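These protein sequence lines map, in sequence, to chains F and E.
Going by our numbering, the letters in the first sequence line up with residues 1 to 316, in that order.
Going by our numbering, the letters in the second sequence line up with residues 1001 to 1336, in that order.
One thing to keep in mind: the hints can contain errors.
[Stated by the list, open to error] Dumping the calculated PhoX-like pairs for lysine-lysine here, alpha-carbon to alpha-carbon at most 25 Å: (1) Lys1334(E) x Lys114(F); (2) Lys1019(E) x Lys114(F); (3) Lys1095(E) x Lys1165(E); (4) Lys1165(E) x Lys1153(E); (5) Lys1095(E) x Lys1153(E); (6) Lys1019(E) x Lys1334(E).
Keep in mind that the hints were calculated from the coordinates and are not lab data.
As the structure is a computational prediction, the values presented were derived from the model and not from experiment.
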Amino acid sequence: MKHRFKFSWEILLLILIILVCIISSFISPYFLDIVNLLDTTTNFMEKGIIALSMSYIIISGNIDISVASNMGMTSAFMGIFYRMGINIWFSALFALLIATLGGFFNGFLVTRFKLPSIAVTLGTYGLYRGIAYILLKDTAVGIDNESFLYLGQGYIGNTPIPFSLVLFIILAITFGLILHKTIFGRYIYAMGNNEQTCRFSGIPVDRIKRILFTLSGLMSGLGAIMLSSRLSSIRPDIGVGLELEVIATVVLGGVSILGGTGNMIGVVLALFLVGLATYSMNLVNIPSQVITIIMGLLLITTVLLTQIFQYRERRA
Amino acid sequence: MAKVSTFGKSKDIYERVEKIREWGILIPIILFAFIVALRSPYFLTAENIQYILLDASILTIVAIGEMVVILTGGIDLSVGSVLALTGMIVAMIYKENFNLPPILAPLMGICLGSICGAINGILVSKGKFLPIIATLSTMYIYRGTVYIISGGKWVNAHEMPEGFKLLTRIDLFGIPSLILFAGIVFISFYYFLNHRAIGREIYAVGDNPNSAVFVGINKDKILFLVYLLSGAMAGLGGILYTSRFASAESSAAMGFELSAISAVVIGGVKTTGGSGRITGVLLGAFLLTMIINGLNVMRISPFYKLALQGVMFLLAVIIDSLIAERMQREFRRKRR
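Sequences and hints are given; from them, build the entire structure.
Now the structure itself:
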């Protein structure tokens, strides 16, 4: 029964994607252009990268709302290093290290002090964004290193395939394989279903939590680098509100917000669904504030839908 | 206070610890005041202290609303957006109707805020949403709505009637009205939380939702009520905020939810719900405002504010967790 539900959820997402494509191609003749479509994927690849680690976190029954702030902090550090005259690649590497530390710090607080992940990441949500503001004040740093800009804007060879899409696909496959084919992945599901039982059966719950939060930090850092490269400038308010979009994507992908269920294919499909829908809304000039409202409504509707599904399943 | 335990002894320990935790906030307050006053004597003048109290008033009102939500184990991330939304709507109403009596503004704010809060409440109580998901969504929905209805424009000081701006500037019986507003909110919440059944039911739901249902508490009603109250207080805060700063803009009070939640947590309310006192929240809001004011007085860049708030928030939850750990150890020793 449960299996059929998951199956139908992904089919539903696929149908929705096709629906969006059909409607959009009616609205704008530019939509169904393969070059355009490939190009637009660059707009949500950093979101996708963070969504991968976020799905691990949510499946394990936790949540990380500091990801967007961590991105801000990472970018700010990168900008500061770059401004000091350090090579952009070294700056990016240092910043990535700091992002990972930021993630580890979340994991450390959650496990050492047995705090709920909401409380901890809410604190670091303020702290990390605050550090970004301390570092950059209200200035921006422009990046003009061609090879660095390739990360977010470049294409593979002469094809219209963006580099960031390829990177995302590689990461998504890796994350999917780890989640579905390894013991570590099974542990993540087990933790989301019943943490207490996991502890009693000898699963190193705390260590896995630290790994997951560290991973989330690393991915936020990577996302930050991709985003800064795509925008070719760094501001302290980079990626504000991205945590909502990432969480919405993961939940839309069929991952239960209570943990324990969901899979990677759903998350990836949801990412493309949201990305394409946003793209078509951009094509008809819907302002970004309205799109944010739609994201919020989308999150609410999805959670409501899954709850209705689960309710009916329980009765059946 | 709220934990009712079968062990007579344990209840004593609990109450003692909570008292210490609550009044413990006075230590950083005094310490910080001392340090800042050393560097700049202006900090402890009557003028500046009145400033701090005025600034703390709005935060206190919103934090008290946030507190009742956190008491049930939930969280309301939408308060900052509700504050901006009600402020904008009411400012626009006054811009169109210059002769509307200003005394209506707080009532309008409470009504509008209640509507926003009721949406959260329905999602959490009837929709069985996790509070963080429901309020994270509405946080962005309400903020987006502010942009849409205002078209990104400001309502400036000269577009507001004098009476509306006076709302937070007059003295009643020698007390600034802003402090009176906060005082009324504080006293009524104090009374209801500590001396009425409804208040105790809020604590009970946060302490153990299942047993609360077993003793006949209508959990859904309580959950709905706390989000409604939180919205209403954010709405009232929105009016006072707009009147005090004499402008309404779409990015007003960004991050205010973090300040409110920080004040609550610093005040000793447990994030998992069920315990914490309203006097603690009052002190928490005061400490937070005082520190930010102190930074201004010492001419430290305002960009430090957000990070500092995050640090204080984390410190508060860590200290609470350490206290809980120690109490558990003491518990086990006593039972042996």
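Those earlier numbered hints the structure runs against, lowest number first: none
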